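Please work from the sequences and hints to get the whole structure.
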Amino acid sequence: RHPAVCINHGFFGIKQKNYDRVLFWYNEFLKIDKLEDIDIFSVITFLDDEYNKDNSEPAFLFGLAIVNGFLDPQKGKRDLHNFIKLTKNHEDYKLLVRRAKELLK
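Numbers 1379 to 1483, taken from the working numbering, label the letters of the sequence shown in order.
Heads up, none of these hints are tricks.
Taking lysine-lysine and the PhoX-like style, the derived pairs with C-alpha atoms no more than 25 Å apart in a straight line are:
| # | residue 1 | residue 2 |
| --- | --- | --- |
| 1 | Lys1479 | Lys1409 |
| 2 | Lys1455 | Lys1483 |
| 3 | Lys1463 | Lys1483 |
| 4 | Lys1466 | Lys1479 |
| 5 | Lys1463 | Lys1431 |
| 6 | Lys1472 | Lys1409 |
| 7 | Lys1455 | Lys1472 |
| 8 | Lys1393 | Lys1409 |
| 9 | Lys1479 | Lys1453 |
| 10 | Lys1453 | Lys1393 |
| 11 | Lys1412 | Lys1483 |
| 12 | Lys1455 | Lys1466 |
| 13 | Lys1393 | Lys1472 |
I should point out that these hints are in silico values taken from the structure, not numbers from a laboratory.
Since this is a predicted model, take the numbers as computed values, not measurements.
Written as structure tokens, this is what we have:
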């Protein structure tokens, strides 16, 4: 799959609060070996802007962590830790929290 397809579907999953879809598409993104034909810096900026616009939706931080992990694994891990802190007591995010913890191992 093309990375932009995964990111777009993940984004719309977040907007629809469909976290199963978010998890599916970011897992698909993680299967990609090389990021070709995508401006990853623009994607990071976009997700960061969305998160800052809508702090009430921490799933943007999950997406940001996944994408950041490609360029800066330490930044990706920090974002995952922050995502877990924000959402660990929220049932809606349990699948994303579980996946974030797996990625930190």
